[in-house]
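Student: Chains as they are written, first to last, in the numbering used here: chain A, 1 to 332; chain B, 1001 to 1332; chain C, 2001 to 2332; chain D, 3001 to 3332.
Some clues are possibly wrong.
Stated by the list, open to error - Computed cross-link-like contacts, DSS-like style, restricted to lysine-lysine with a CA-CA straight-line distance of at most 27 Å:
(1) K3154(D) x K2328(C)
(2) K2113(C) x K2154(C)
(3) K328(A) x K1014(B)
(4) K82(A) x K59(A)
(5) K3154(D) x K3082(D)
(6) K3197(D) x K3328(D)
No lab work stands behind these hints: they were computed from the structure.
Protein chains: 4
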Amino acid sequence: MLLELRANTNYLDKQLLIERLENMGFRVVESDANILAVIGGVNSLVATELFSELPNVAKVLPLTSNFKLASRQTKPSDTIIKMGEVSIGGDELFIIAGPCSIESREQLEACAKIAKDNGAQALRGGAYKPRSSPYDFQGMGVDGLKLLAEVGAKYGLITVSEVMDGSQIAAAAEYVDILQIGARNMQNYTLLTELGKIKNPILLKRGFAATYHELLMSAEYIMLAGNPNVILCERGIRTIETFTRNTLDLNAIPALQQLTHLPIVADPSHGTGVRSLVLPMARASVAAGAHGILVEMHPDPDKSISDAKQTIDFATFSDLVTQVRRIKSVLI
Amino acid sequence: MLLELRANTNYLDKQLLIERLENMGFRVVESDANILAVIGGVNSLVATELFSELPNVAKVLPLTSNFKLASRQTKPSDTIIKMGEVSIGGDELFIIAGPCSIESREQLEACAKIAKDNGAQALRGGAYKPRSSPYDFQGMGVDGLKLLAEVGAKYGLITVSEVMDGSQIAAAAEYVDILQIGARNMQNYTLLTELGKIKNPILLKRGFAATYHELLMSAEYIMLAGNPNVILCERGIRTIETFTRNTLDLNAIPALQQLTHLPIVADPSHGTGVRSLVLPMARASVAAGAHGILVEMHPDPDKSISDAKQTIDFATFSDLVTQVRRIKSVLI
Amino acid sequence: MLLELRANTNYLDKQLLIERLENMGFRVVESDANILAVIGGVNSLVATELFSELPNVAKVLPLTSNFKLASRQTKPSDTIIKMGEVSIGGDELFIIAGPCSIESREQLEACAKIAKDNGAQALRGGAYKPRSSPYDFQGMGVDGLKLLAEVGAKYGLITVSEVMDGSQIAAAAEYVDILQIGARNMQNYTLLTELGKIKNPILLKRGFAATYHELLMSAEYIMLAGNPNVILCERGIRTIETFTRNTLDLNAIPALQQLTHLPIVADPSHGTGVRSLVLPMARASVAAGAHGILVEMHPDPDKSISDAKQTIDFATFSDLVTQVRRIKSVLI
Amino acid sequence: MLLELRANTNYLDKQLLIERLENMGFRVVESDANILAVIGGVNSLVATELFSELPNVAKVLPLTSNFKLASRQTKPSDTIIKMGEVSIGGDELFIIAGPCSIESREQLEACAKIAKDNGAQALRGGAYKPRSSPYDFQGMGVDGLKLLAEVGAKYGLITVSEVMDGSQIAAAAEYVDILQIGARNMQNYTLLTELGKIKNPILLKRGFAATYHELLMSAEYIMLAGNPNVILCERGIRTIETFTRNTLDLNAIPALQQLTHLPIVADPSHGTGVRSLVLPMARASVAAGAHGILVEMHPDPDKSISDAKQTIDFATFSDLVTQVRRIKSVLI
């Protein structure tokens, strides 16, 4: 249920109303200016009339989507996440780049330097790696996170790294700015709920067979648990095509922007799985309206421990940034 | 097998070589400058040595892909199809627009005027409609084709219309410039072979569960039967997503450009099935590198007999053309 | 619209009613006992009341599905197609076996003998082959059909072969008992309509990305054009799994039986694409309720010109028949 | 690497060999009689010759699949998990039944009674529910587990319940016999590794877009961490079909049986998502060779808190058991 408040409702009256609703057993979230989202428990059947009689309530609107806090209906204005000088979700193009796995200080610094030189705002690097095979490299763990923190600080870059389990959250939240949830964990609800308890923005990747609706429901888990700073990421889905590893579904970008106020970035590295397709699909992502892109690069892509086939070199990255900025500059 | 000729081979010597190969039972296609593609029948096992001993043959290259005439390996340079002033497959952005179904002269003229005013080069309109239900409108048939020819001529637009069966080819080839093959007929091999016998360019749509490889094999059917003027069209595939009617697979654009020399256009109308997504996905298509786009528009989209949900109005079309041209202008 | 007639309506009154409805511009099909299906053109908006006032009409039932003639609602009782001694769609298990492609009289006779010896009722063999590549063997054509007719007659087997185009129907209808439509042509509506004009039963294979609803709409095309003898065939769909060529969707068997009265067979050869899976999946097909199965076998599977990987040998076929009959015998 | 020991190797010599291999830094698993699986760390490059020179080693076999402990190659004989009188993976059909969610003692007891009366060996019931929406019922938690333990003990049934996170394992391992991992957590590698540390058998459900290979790699995670008792479960994948919730992929049953020695059960409830399809697809599962089935039932299916659409009533369950046992009885 959404409550639209009277235009002149002052701060105190608003707080009183919130308190009263909470005493009635509801969870209340202040979404857009003068709109309160009221969320009940299971089976809470309260007549709309009851709400309309409360003081300062101008209008009562039913929530038609299953995702409530993530819904554009609840909050018509775009969510813009501020991190220092950087804004995610607004007009600025947010570029995240770095290696698939953190392998060494040298590798990570090389990536950070190129990222910074080309104007990227964030450095990514995997410390906990979700690998299909238990025999594959599983990541450097917390040592990787510390390295990422050091290198990020040195180059003035926001850091992004994946967590796979609740036990990794505390360390990650300490060393890393943005925590990433991978496709395989998009519906790991225990993990999502844990992420709702921290303040770091969460980069939530779409599962490789998840619908837009399910992605938004997963964002809702995080938001309902208390963390409103969710960045959605389209990273390709599995389809009948076998030439590419995944099919980057760019329809998701404008479709999600109609459904939600959350920022959305695209990952053309996983979305294609093919090195030579990363640059054109980064361009397409920005043209589709993505708020940012996430790309995997490496000083020597063929030697990348993981995801070598989709990792681009530094020259290609530099070219990519130039090209996506040109696209961004002509969007109306 | 590809034969690369010596640099100084003259016209006459080339013709003698072709004749000799044909007498040996091969089909010979002149692909790029100084390259001959030699195609055998089933089980033709001729030693590479035999070819290298022929006069004027500098190098013998095996064909590694199953599609031969359509392959970028056979013909490294882009195929550019010239139709009067218009070039398809080169630097010019080729825009095809019009109603899903031809309904009346008024409707078609209205579309043609808007198309022309906005600089589109081609007018599309369905006269034979492949409908899932036999109870749905099946199209105006040959009367529709004639109307399209008249309106196209009046406004100086190239015309595009779909054929569904060999029996429709003769009339369509007479009245229409480019013949379209729909997704459901992409593997109708009898039809493809028939289309190889005419001169009109063929717009070949990807089947909704066809791989890139299969699309190229279908192009090969047309080319092998004698018609080299094939334009490929990405129009979305079926996936697990249900919000959209199809998932426009833009990975296909750069991937196909690596595999083939043929022009490629994108259809964001069918590729999304959602009106509000057509414009952003048209932008993304061009950014991905498409040689052109195909969009469905209607004077009054909600009254469109077919595909109303994905049909845009004239104002949106005008906006779309402006935006895709801006994207095109910044591509390097 | 379905009209349920009064219990005691005699033949003459029924014919008068049909005539009257036809004069009103409707197409009338006698479906189950005392039920008439009345099908209008596009936009026929006739009030239900009008029908209920006609003589001998006991009840007027709206048609809720888009497929009307194929619908279980229109005709609650199972359609049983009688071909000589054989019944398709009833309690008898209908077994179709034979090579993917007809290669020679010896090969075909060998298959026919084994089929007959094991109690199969029908012999299949491809004469027109839909091949992804134009360079692959395209079948023996009409010579293959004649051979199939001869061998079928000699061994007392019903014959089944695929047609890919309207131009092949006349010859096929003459030489072959059941005409098969392949997955690639399931939505070739011109072909489906042509098949409605002959009397031979049609084995309609599900497209590899077609829904149950679309399969039934395609059956409707044939039935509406005049041929009620349609046998549906589940042959696997494309999914994310790559170990198998297709995913045999056995859910389709009981689901379709709820939606339609038409017979349904399963093809575990294409449905798996893997030789060692054919036998267990034939068992599963029968347990799911299939009216029959279609399997590819060959005297020497590894030498099969087409589909070798999914073709079983004679010993396996014999074992398969024994096993599926055991399953069939315990179904209640 | 697999080491086949000499036929007459005695217990002590075998232990000495294992110790020696472990001292060399390898992990050693005794798979089938007289076969040792030797698993190295990342990048362990040890020459085959080195192993062949060890005492009592008759033959050294390379491991060709990525899953090693789960591979049929490593252990040719079927794994049979013994739980009291019950054997899972052998000739006995293992039937697991119960409600989707544990709702009350009455509901659970009613299910247990019917399960027992019909000869099912196990009672399932969800205490932790992975729900797409955070607003849906999330399960009774540990109280549900305790209830399940009590009811299971009272009726002499093995108990099965899902865990979603490492934090739930300890309680579940105490109260429940078999721990289930749901489709959404199939690639939650942290959780899988935790499950390797307990002794309870693990019922591992296939992810709804996971390949057979990925399912086996996930089983490998559990086995490598120390728990060899993994039961695989096919529960349907997402496809283009929309009539059913999922497409039960029965090809998986015989395909997995070729690839692995682990027991495999099928879940026709989730695999169809449609109540009326559960019974025929249970039959088909058994005919395909499944070692068992998992079905959701409820005293009053329409009142089931979760998954009501796919939940069968007791009469249908009783009928289902009768029918699947008849199928099982005629399998050779």
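Student: Hint by hint, say whether it matches the structure.
Tutor: Each hint tested on the structure:
1. K3154(D) x K2328(C): At roughly 38 Å apart (the allowed maximum being 27 Å), K2328(C) and K3154(D) break the hint.
2. K2113(C) x K2154(C): 10 Å, holds
3. K328(A) x K1014(B): 50 Å, violated
4. K82(A) x K59(A): Judged against 27 Å, a Cα distance of about 31 Å means the pair is violated.
5. K3154(D) x K3082(D): At roughly 20 Å apart (the allowed maximum being 27 Å), K3082(D) and K3154(D) satisfy the hint.
6. K3197(D) x K3328(D): 34 Å, violated
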